[in-house]
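K.L.:
Next come the chains, spelled out residue by residue.
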Amino acid sequence: MRTASLAALGRPALLCALGFAVLALILFAMSALRRRVPAGRAGGRALAASAGFTVLAAASLLSALFAHDFSLAYVANYSSRSLAGPYTVSALWGGMEGSLLFWTVLLTVFATIAVYRHPNPDSPAVTWAGAVLAGIAIFFLLLLAFPADPFARLADVPTDGSGLNPLLQSPGMLIHPPLLYTGFVGFSIPFAFAMGALVSGRTETPWFTSTRRWTLFSWSALSIGIVLGGAWAYTELGWGGYWAWDPVENASFMPWLTATAYLHSVVIQEKRRMLRIWNVSLILATYALAVFGTFLTRSGILSSIHTFTEGSTGVWFLPFLAAMLLGGLAIIALRYDRLRSENRLDALVSRESAFLANNVLFVAAAFTVLWGTVYPIVAEVTTGVRLSVGPAFFNAVFVPLGLAILALTGIGPLVSWRRMSKGRLSRLVRPPVVAGIAVAAGLWLAGMRSAGGVIAFALCGFVAVAIAGEFIRGGRVYRASGDSWPAALAHTLMRNRRRYGGYVVHLGIVLIVIGFAGAAGKVERNAFLEPGSSMKVGAYTLTYEGREQSSTPEKQINDATVAVSRGGEPVGTLHPQSNFHFAQQQPQSEVAIRTTPVEDLYVVVTQFDPDGAAAIRAFVNPLTWWIWAGAVVMAAGMSVILSGGTPHGATAGATGRVREPVAAAG
Amino acid sequence: MKRRGLGKSAGQTDALHQSAGQREMGRIPGPTRTGPRGSAGPTRSRLGRILATIMLVAAWLLLATAGVALAATPQDLATDISTEIASPYCPGVTLHDCPSAAATDLRARITAWAEDGWGRARIMAKLSSEFGPGIRAVPPPGGSGTLAWLLPAGAVIAGAVVVAVLVPRWVRKNHDQAPTGATDRPLSPDERRRVEGELDAFRGAVRGDQWSQ
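If you're matching them up, the sequences are chains Y and W in order. The numbering of the first sequence is my numbering, which starts it at 4 and goes up by one. The numbering of the second sequence is my numbering, which starts it at 1323 and goes up by one.
Hints should not be assumed to be uniformly reliable.
What the hints assert, rightly or not - The following residues of chain Y were derived to be distant from chain W, with all beta-carbon distances above 10 angstroms:
hint: 1; residue: Gly204
hint: 2; residue: Ala247
hint: 3; residue: Ala360
hint: 4; residue: Ile596
Said to hold, decoys possible - Quick list of the computed label-pair ranges, beta carbon to beta carbon:
hint: 5; chain 1: W; residue 1: Gly1441; chain 2: Y; residue 2: Leu328; range: 27 to 33 angstroms
hint: 6; chain 1: Y; residue 1: Tyr119; chain 2: W; residue 2: Leu1509; range: 33 to 39 angstroms
hint: 7; chain 1: Y; residue 1: Ala493; chain 2: W; residue 2: Arg1514; range: 28 to 34 angstroms
hint: 8; chain 1: W; residue 1: Glu1437; chain 2: Y; residue 2: Pro556; range: 32 to 38 angstroms
hint: 9; chain 1: Y; residue 1: Asn123; chain 2: W; residue 2: Ser1510; range: 42 to 48 angstroms
hint: 10; chain 1: W; residue 1: Arg1442; chain 2: Y; residue 2: Val601; range: 30 to 36 angstroms
hint: 11; chain 1: W; residue 1: Leu1509; chain 2: Y; residue 2: Ser487; range: 28 to 34 angstroms
hint: 12; chain 1: W; residue 1: Leu1472; chain 2: Y; residue 2: Ala336; range: 25 to 31 angstroms
hint: 13; chain 1: W; residue 1: Phe1453; chain 2: Y; residue 2: Leu337; range: 27 to 33 angstroms
hint: 14; chain 1: Y; residue 1: Ser554; chain 2: W; residue 2: Leu1472; range: 54 to 60 angstroms
hint: 15; chain 1: Y; residue 1: Val318; chain 2: W; residue 2: Gly1441; range: 56 to 62 angstroms
hint: 16; chain 1: Y; residue 1: Leu157; chain 2: W; residue 2: Arg1442; range: 48 to 54 angstroms
hint: 17; chain 1: W; residue 1: Gly1465; chain 2: Y; residue 2: Leu328; range: 27 to 33 angstroms
hint: 18; chain 1: Y; residue 1: Ala326; chain 2: W; residue 2: Gly1439; range: 39 to 45 angstroms
For the record, the hints were derived by calculation from the structure and aren't laboratory data. A virtual CB, placed ideally from N, CA and C, is assigned to each residue, including glycine.
Taking the hints into account, I'd like the entire structure generated from these sequences.
P.N.:
Right, dumping it as structure tokens:
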């Protein structure tokens, strides 16, 4: 009975959360329009109450999942009695209604923290930002209250649930969706504060400074979430890859691209008070793309292997998206004069120019991905033929842009702000260029003939040496004061965490690109093997020794034994599985991977014959390990940046001052 | 402890945390290097930028087409083709990534065709005739398919135009308006002494570990 009463709290809690969100919007708007500070403070409290009730609703649903309260349609559809405990937690975001509830929890909690922790919470800009956040919360709470009610009840209560999709029963799924949602939802904070600054007319307000940590935090969560999604695809989907340019993958990648552009261009606004229209537009685009991605995954408008949360709510996102975009663009147009840059570029060869080029490439890349993602819809409308656009298209149009961005990752740090002599730049660029050429020549001599692969590796060498040079130049100052090299480098890193932490993130990107470039040497072989027969893939010989069958309450397990040898020497045994899940009546392959920094041997059984013969797909994936290593390095760099205090340039936006060169000052 | 000498005003960075280029600023500020150099200069440099833009876009297109590598073996050809067609059995997924048994059979058929000496075009034609034109997971040639390929290139060109044309114009406007404070001269002995003195003070502060983040 206790369980039922907990679940019964869910819907009332949601309705209370909705009521308080509406109240927050009214109070924030009243405060902003009539300059009444107490109303704004009351709005903050109403927003906090809305967050509290949303958390209570999520707790109610979670308790119903653990108590197997199958009277709730959501619990019956996405869990079962045999579902392991941790995956019962992930069932909270495993379906459409639960994932929207989880999203709303994050949104209301983040919004409350952002408003309360703001250094000047009574300012009109923050009050308007609170109103925007309350408006967004109202939209999601309306969805939960009506078309996507997670507390809808069944007339006939089943004795057991359908269970969670076997693909989602993976450790990665415990972390990947929450991180993606954290990223998507987190961008609502800088978006709301940007809109708040514009609506209030406080365009000089450094909204980007007060939301910097939110932006970095959201970007970090999204970055790690995307990589974890790749890791999940690699280990669960059984096609030997980690990225397929699937619409749902693209949905997370597009806001990441524009957010990355924003993270770079906002530095120009901080230091030079330039690009203000551009930065507001970028943050608007980022949040709009995050919402668009949510629409894609929930509307079913595009087919995706990742769509686990499809439902009828997708259509609700279109008017919300339209209102957000039109409203945002209208406000930007209204404040156009106040947003114009106060400074201009001093020289073509400058850090500002490098960042501008970086932004152009990132935005072009985001547009390319967006276009490839929506093209099937365009084609269907114009030609009537349902098409899909796969990796061949995306690789052709995106990879060159990605390589250009990688090159700028190496060049950007070498260029100074405002201006730099071409001679000095060429001297600084020389060692990285030599390294890049050496890498390319070495690979060519070693027999690599993939143009894309050689260029990618060469650029990785170029960027890595450029980053190392920055650390060495910074460390020399501490070396001169007597530090050892490790201590000098550590001092350098910790002294300016934003800058050098950023370089560590860049280094992580380099490692990830090394992993991507390794795909140029990928080998795949398919064979149908009788027990005792062998196949070759790359330098490996795989011998299928037979199958063992067993059962658990959840699934029938078909475990293949594959002996692996290399050059006649045994190197181990792999056990790929092809299982059958009873609750879902669904087959599911479990991949076996032998991973090393040099290459992965990836084996999957796609089917078994009744006589025990097995269809085996085997891949040799060079350097894939470096993708995951790069993600760890990226996460370390992000931690360094986030652990830092207010960076030196943080207040520059308010003063518009930038260090003058000594010579010029003299 | 309050820092002396190279102390920062808001928005400034100290000598240690300037980029390598900034550390050299005292020697070569260089604004005059980017200014107009006579009547022919801007025209020539604009032409150079346009040529550079064209070359960059050409390189991009070359690299894009280089992605279609020649398959080494019939199995590699079959794998390539399976990544270029949509699976008839898994909506939204290429044949290569489709886990169904029917997809496994179709991949085996394609491999068999490749081993029989069929080329890419013949296999694609066979698949199109069997499953319809929608099986190709790339925009088709002609019509909206051409637009699909050209629009990303258009985005790149538009971006390149912004960088190559608008930014230099932006810089020139600034030069027209900016006071000519900085020069391309080397540091005077007095200035050099000031810099060295402040760097010494800075190093002393570092040694005493008196700075904090």
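K.L.:
Please go over all the hints and tell whether each is borne out by the structure.
P.N.:
Hint check results:
1. Gly204: Nearest chain W Cβ is 24 angstroms from Gly204 (chain Y), so the label holds.
2. Ala247: 6 angstroms, violated
3. Ala360: About 5 angstroms separates Ala360 (chain Y) from the closest Cβ of chain W, which leaves it inside 10 angstroms; violated.
4. Ile596: The claim holds: Ile596 (chain Y) sits with its nearest Cβ about 16 angstroms from chain W, beyond 10 angstroms.
5. W:Gly1441 x Y:Leu328: 27 to 33 angstroms: 47 angstroms, violated
6. Y:Tyr119 x W:Leu1509: 33 to 39 angstroms: 51 angstroms, violated
7. Y:Ala493 x W:Arg1514: 28 to 34 angstroms: Holds: the Cβ-Cβ distance is about 31 angstroms, inside 28 to 34 angstroms.
8. W:Glu1437 x Y:Pro556: 32 to 38 angstroms: At 44 angstroms between Cβs, range violated.
9. Y:Asn123 x W:Ser1510: 42 to 48 angstroms: At 46 angstroms between Cβs, range holds.
10. W:Arg1442 x Y:Val601: 30 to 36 angstroms: 31 angstroms, holds
11. W:Leu1509 x Y:Ser487: 28 to 34 angstroms: Between Leu1509 (chain W) and Ser487 (chain Y), where Cβ atoms are some 31 angstroms apart, the hint holds.
12. W:Leu1472 x Y:Ala336: 25 to 31 angstroms: 29 angstroms, holds
13. W:Phe1453 x Y:Leu337: 27 to 33 angstroms: 52 angstroms, violated
14. Y:Ser554 x W:Leu1472: 54 to 60 angstroms: Distance hint for Ser554 (chain Y), Leu1472 (chain W) holds at roughly 55 angstroms.
15. Y:Val318 x W:Gly1441: 56 to 62 angstroms: 45 angstroms, violated
16. Y:Leu157 x W:Arg1442: 48 to 54 angstroms: For Arg1442 (chain W) against Leu157 (chain Y), whose Cβ atoms are near 52 angstroms apart, the range 48 to 54 angstroms holds.
17. W:Gly1465 x Y:Leu328: 27 to 33 angstroms: Since Gly1465 (chain W) and Leu328 (chain Y) have Cβ atoms about 28 angstroms apart, the given range 27 to 33 angstroms holds.
18. Y:Ala326 x W:Gly1439: 39 to 45 angstroms: 58 angstroms, violated
Checked against the numbered hints above, the structure violates hints 2, 3, 5, 6, 8, 13, 15, 18; every other hint is satisfied.
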